[in-house]
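Enquirer: Sequence:
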Amino acid sequence: MVSAASRAVARAAARCRSASCRSTRGAASARSPRAAAAAAAMPHASRAASSAARALPASVLGTMEMGRRMDGSASAAAVHAFLERGHRELDTAFMYSDGQSESIVGSMGLGLGDAGSRVKIATKANPWEGKSLRAESVRSQLETSLQRLQCTQVDLFYLHAPDHNTPVEETLRACNELHQEGKFVELGLSNYASWEVAEICTLCTNSGWVLPTVYQGMYNATTRQVETELFPCLHHYGLRFYAYNPLAGGLLTGKYRYEDKDKKQPEGRFFGNSWAETYRNRFWKEHHFQAISLVKKALAASYGASPPSMTSAALRWMYHHSKLQGARGDAVILGMSSLEQLQQNLAAAEEGPLEPGVVKAFDDAWNLVAHECPSYFR
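Residues 10 to 387 (our numbering) make up the sequence shown, in order.
Hints in this document: simulated from the structure, not taken from any laboratory.
Just so you know, not all the hints are guaranteed correct.
[What the hints assert, rightly or not] The list that follows gives simulated cross-link-like pairs (lysine-lysine, DSS-like), each with its CA atoms no further than 27 Å apart:
| id | residue 1 | residue 2 |
| --- | --- | --- |
| 1 | 332 | 305 |
| 2 | 192 | 140 |
| 3 | 306 | 294 |
| 4 | 264 | 294 |
| 5 | 332 | 294 |
| 6 | 192 | 294 |
| 7 | 369 | 264 |
| 8 | 305 | 294 |
| 9 | 264 | 332 |
| 10 | 192 | 264 |
| 11 | 306 | 369 |
| 12 | 305 | 264 |
| 13 | 264 | 306 |
| 14 | 332 | 306 |
| 15 | 369 | 332 |
Just so we're clear, the structure is a prediction, and the values are computed from it rather than from any experiment.
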């Protein structure tokens with residue numbers, strides 16, 4: 010079903026093994042053709058200022074919609090486009106599309122888990138839907154994921170969320186055993202409170218177990234709760250931060266209206282799927298729509314008749330104005346429900362900083378919604 014597209018993806022992956030493909034951790038020194046052309050067109054002083062600027066966060070491809078709104082062929086085309094842009098990290102999970110996301114990614118011939126592969130894969134074990142983070146469940150989920158992904162090792166294995174019914178020592182001991190068996194390279198955490206991160210790092214250090222090195226969390230221009238407490242914790246313990254929901258589930262695209270909640274909606278992140286209620290509870294609030302209006306007005310005032318889209322502005326905020334640090338290895342997870350959407354997101358990620366008036370509008374927007382910001386931990 011996906012053979013032609015998968016072969017194209019495999020060719021892109023092979024090219025990504027060459028020295029010309031940028032490393033995620035070396036993102037600061039690599040440029041896409043578009044970014045290079047833009048830099049060449051800049052005045053000398055501007056280029057000097059740009060080169061002195063901080064390293065930008067890396068981009069990771071989120072595969073949550075693969076197997077749901079994207080079939081195998083569309084998914085393979087998206088991965089191909091992502092790799093052609095010079096990126097190399099893919100993010101999936103045991104639960105995405107009931108396992109179809111992992112199976113589709115595994116069918117693409119990417120050489121996942123191979124020593125020479127430049128394509129990196131992350132997956133996650135979760136405590137939901139009858140599962141837990143007890144030792145046997147963690148092992149079962151990871152081994153099932155490896156089968157679906159058609160590899161013997163993943164580069165990054167996350168605990169998707171805390172399991173408050175299982176002693177964390179049991180979970181971490183199981184992770185260490187799986188790490189010693191060579192089933193994953195790095196351990197990650199997602200949706201944990203900062204005090205839990207500190208507890209886990211302390212337990213792992215004292216027990217000689219594999220330490221977590223990546224934290225995946227909710228972060229965008231109007232959802233900044235992680236900045237005040239979690240980021241200092243991660244910096245102290247040396248964890249990178251990968252941001253999910255950079256567009257607030259699509260709300261920051263500006264295509265929705267608050268009153269639309271009372272009408273029948275097409276299938277999407279906010280309607281027509283098992284996660285829809287969760288996303289509406291996170292972001293579908295009147296103040297969030299008022300915040301978006303503030304930014305739209307600032308875009309028009311700063312850029313005139315042809316302002317950037319809300320999508321572009323929100324992603325440019327993530328890469329240029331957020332608290333993410335490319336030099337530390339931080340990254341933005343770019344999701345999509347179509348190839349066209351991914352291409353738009355990738356293009357926005359390559360654009361430059363925003364005008365000061367728009368940055369201020371995003372700050373004002375955050376101040377407007379901060380009191381009802383969804384919790385970063387579960």
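Enquirer: For each hint, tell me whether it holds in the structure or not.
Expert: Results for each hint:
1. 332 / 305: Answer holds: residue 332 to residue 305 is near 22 Å, not above 27 Å.
2. 192 / 140: Judged against 27 Å, a Cα distance of about 20 Å means the pair holds.
3. 306 / 294: 19 Å, holds
4. 264 / 294: 15 Å, holds
5. 332 / 294: Holds, at roughly 24 Å.
6. 192 / 294: 42 Å, violated
7. 369 / 264: Holds, because 22 Å separates the two Cα atoms, which is no more than 27 Å.
8. 305 / 294: 17 Å, holds
9. 264 / 332: Holds, because 26 Å separates the two Cα atoms, which is no more than 27 Å.
10. 192 / 264: 42 Å, violated
11. 306 / 369: 12 Å, holds
12. 305 / 264: 11 Å, holds
13. 264 / 306: Holds, at roughly 15 Å.
14. 332 / 306: 24 Å, holds
15. 369 / 332: 15 Å, holds
Violated hints, in rising order: 6, 10; the structure is consistent with all others.
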